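Spelled out, the chains give:
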Amino acid sequence: MRSGSLIFGVLLSALVVIAAGLSFLWVPFDITQLSIPDKLQTPNKLHWLGTDHFGRDILSMVMIGARTSLAVALLAVGIGFFIGVPLGLVAATRKNSIIDEVIMRTNDLIFAFPSLVIAILITALFGAGAMNAIIAIGIFNIPVFARVSRGAALSLWQKEFILAARVSGKSDLRISAEHIFPNIANLLIVQGTIQFSLGILAEAGLSYVGLGTQPPIPSWGRMLADAQTMVSFAPHLAIIPGTAIIITVLGLNLLGDGLRDLLDPRVRKSRE
Amino acid sequence: MFQPTKIITAATLAVFASAGVSLSGQSDITVAMQLEPPHLDPTSAAAGAIDSVLYSNVFEGLTRFASDGSIIAGLAESWDISSDGTVYTFKLRSGVKFHDGTSMDANDVKFSLDRARAEDSTNAQKALFSGITDVAVVNDTTVKVSLDKPNGSFLFNMAWGDAVIVAPESVEGIKNKPVGTGAFTFQNWVQGDRIELSRNPDYWGNQPALEKATFKFISDPTAAFAAVMAQDVDVFTGFPAPENLPQFEADPRFQVLEGSTEGETILSTNNKMPPLDNVKVRKAIAHAIDRQAIIDGAMFGYGTPIGTHFAPHNPDYLDLTGNSNYDPELSKKLLAEVGLSGGFTTTLKLPPPSYARRGGEIIASQLRAVGIETEISNLEWAQWLEQVFRGKDYGLTIVSHTEPMDIGIYARPDYYFQYDNPEFQSLMTELNGTTDPSKRSSMLKKAQRIISDDYVNGYLFELAFTTVANAKVRGLWKNAPTQATDLTGVSWAD
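Protein chains in written order, with my numbering: chain Y, 1 to 272; chain B, 1 to 494.
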């Protein structure tokens, strides 16, 4: 059962990653060339998933859209990871000190805002675009990683092997990097997978309201927005990118759950 | 005392009463449109949405637009023009009353025109009044307007929504409570939702067939489609999603009116920004554009190609589309001639309407085919006005210019496309002083040719005016010679 969801998650995620990777090398049609006479075709032998309102091949759009989604989400999670984790580790070295309080309360402040609304605010203020979307989504990943790493690190600081490291004269920061971080990496990978799927949803949401990726770069969210007025006579325009989002988010969530079962010692122990 | 039976009876009666009204022929209408007016004073804002609700329904001018675009008598029943063309004597209709009960006479006309042309006037179209040197009250129903020089379009100017007659007694509050002379009186404005009008029993002209009219504002194209399909609204003027029109056409419950507008949809070009300041580069852009693909792709076939800044249904229109026919090879050659064979990059800033957003993607693809890269950014209207219209911080943009006969904007070097051609400017000055129709016609044609030959902007298509209505509604304007939803002649078929 456990491995079942993991395998399913891996398969779905792999499908998306392969589609995105393949799009660098090959797509069925060049989507920068619009072909108005071919517009709004339903799936057929030539265009496997049909064509959109500009006559672009939807399969090609979805493949390149996968690339956009993965890239935006990866970079956004990267920002959260590389800023949030060090902050959490530093906070954990000085529990209840002023540094800990400042770091964690600032994180609480960011965490308290509804993330998508603030992301909309950021992109509306600084201009719509993939880069600003990445930054906006990234900022809201910081407190997630900071909290997870602080919590896990705090429990490790009580362990004897850490005490041994301290006795041997290592500085707190060195201990955090050499001993704490490798021991919480499993947790962070699981959290990262979940954040990654949330990032993909956020990118689609921002692009849907026109604040994410700008044309002509395809994005699943914008494909959905473009399809909105045509759903009544060309439903495949909305169903296909919608399905792509579902597959990706479902795949990553199953993968995250499976990885947690596999990697997280606490869960593993409780199941045994 | 609580008496349930009485309440139930009353409620039943009310139900029967309302059913009775609808059986005897509907006399109210709900008209939807996309944009809500910012306020309700047509004489102090450029927003066309104000006229869309109020023009000829609530406010009237000396003259007015008829549905075919011709100028007919309004509050002035007749006029004399002096032989030198500088003095207009308007004979006003007698017995006209404003909605607050005060009478409309020559003093109100003088007040309205003087207010519009005053130094501190906030009128959005002050140029309409700039030639007026004096407005004199002869008697209650006669007004004499003197001009500094003959103006062939003076009666046309007086028909604009910006030139409607207001009363000094009520002008203070008209931004929220408009008081005019029209066939409908203003009742209520629920901001963000609707404006309600009702029949004016004291109207000077023919009583309208409708007793009540509600204007609803639905900006989202998807919601617009749903509202019409569910018959929540009886009429949608300027329906925003052309892709849905075939469905309405196929549905016997609805009628689709496809008419013309004064909306020249153009690829506005910043004539001062290199390399777009080079006429050859602009010519290359013009030849790289396939208009039919834009009309089919962005507007689903609704629209008429144009080759200059002029409405095709105007008798003076010149078809200059051949001047900028689709010829990407020629574009590449022209770019090579000016040393840009490697292409260049510029910005393409797009306001919200679908003609701009979709048209922009198509144009970006067409320009890319000849080596011109565009950075697309989608803007909201406020940002567009700030960055493009006022800030002139753009390379290319797409917008529809919906004012009637607005070729004169090319004579304004400070206008956002920054076209500065003294020859064109003197032609426009000359045109404004000419009243002879045949001379005016040839000058207008010359003007169209100059801006077409200079490739000031990319001329794309004339926006179609599409109205979706209940199949039983009669008397709607098919065309939009000005922004208006004239309900005075609208009725329900039985």
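It should be emphasised that the hints constitute simulated quantities derived from the structure, not laboratory data. As the structure is a prediction and not an experimental result, all values here were calculated from the model. Please note that the accuracy of each hint is not assured.
Here are some chain Y residues the structure puts well away from chain B; computed CB gaps all over 12 Å [unchecked claim]: (1) 17; (2) 21; (3) 47; (4) 112; (5) 164; (6) 217; (7) 242.
Pairs of lysine to aspartate or glutamate, DMTMM-like flavour, derived with a Cα cap of 25 Å [as the list claims (entries may be wrong)]: (8) Y/39 <-> B/220; (9) B/332 <-> B/220; (10) Y/39 <-> B/296; (11) Y/39 <-> B/249; (12) B/175 <-> B/120.
Label-pair restraints from in silico Cβ distances [to be verified]: (13) Y/233 <-> B/212: 30 to 36 Å; (14) Y/209 <-> B/336: 37 to 43 Å; (15) B/212 <-> Y/228: 43 to 49 Å; (16) Y/126 <-> B/118: 54 to 60 Å; (17) B/133 <-> Y/228: 24 to 30 Å; (18) Y/126 <-> B/373: 54 to 60 Å.
Cβ coordinates follow ideal geometry from the N, Cα and C atoms, glycine included.
Evaluated hints:
1. 17: At about 28 Å from chain B, residue 17 of chain Y clears the 12 Å cut-off, so the statement holds.
2. 21: The claim holds: residue 21 of chain Y sits with its nearest Cβ about 25 Å from chain B, beyond 12 Å.
3. 47: Consistent with the label, residue 47 of chain Y stays out of reach of chain B, its closest Cβ about 16 Å off (over 12 Å).
4. 112: holds (28 Å)
5. 164: It holds; residue 164 of chain Y is separated from chain B by about 57 Å at its closest Cβ, greater than 12 Å.
6. 217: Non-interface label on residue 217 of chain Y violated, nearest chain B Cβ at 10 Å vs cutoff 12 Å.
7. 242: Non-interface label on residue 242 of chain Y holds, nearest chain B Cβ at 15 Å vs cutoff 12 Å.
8. Y/39 <-> B/220: holds (23 Å)
9. B/332 <-> B/220: violated (40 Å)
10. Y/39 <-> B/296: holds (10 Å)
11. Y/39 <-> B/249: holds (20 Å)
12. B/175 <-> B/120: Given pair residue 175 of chain B, residue 120 of chain B holds - Cα atoms ~17 Å apart, limit 25 Å.
13. Y/233 <-> B/212: 30 to 36 Å: holds (34 Å)
14. Y/209 <-> B/336: 37 to 43 Å: holds (41 Å)
15. B/212 <-> Y/228: 43 to 49 Å: violated (33 Å)
16. Y/126 <-> B/118: 54 to 60 Å: violated (42 Å)
17. B/133 <-> Y/228: 24 to 30 Å: violated (54 Å)
18. Y/126 <-> B/373: 54 to 60 Å: Hint violated: Cβ distance 23 Å, outside 54 to 60 Å.
In the structure shown, a violation is registered for the earlier hints numbered 6, 9, 15, 16, 17, 18, in ascending order.
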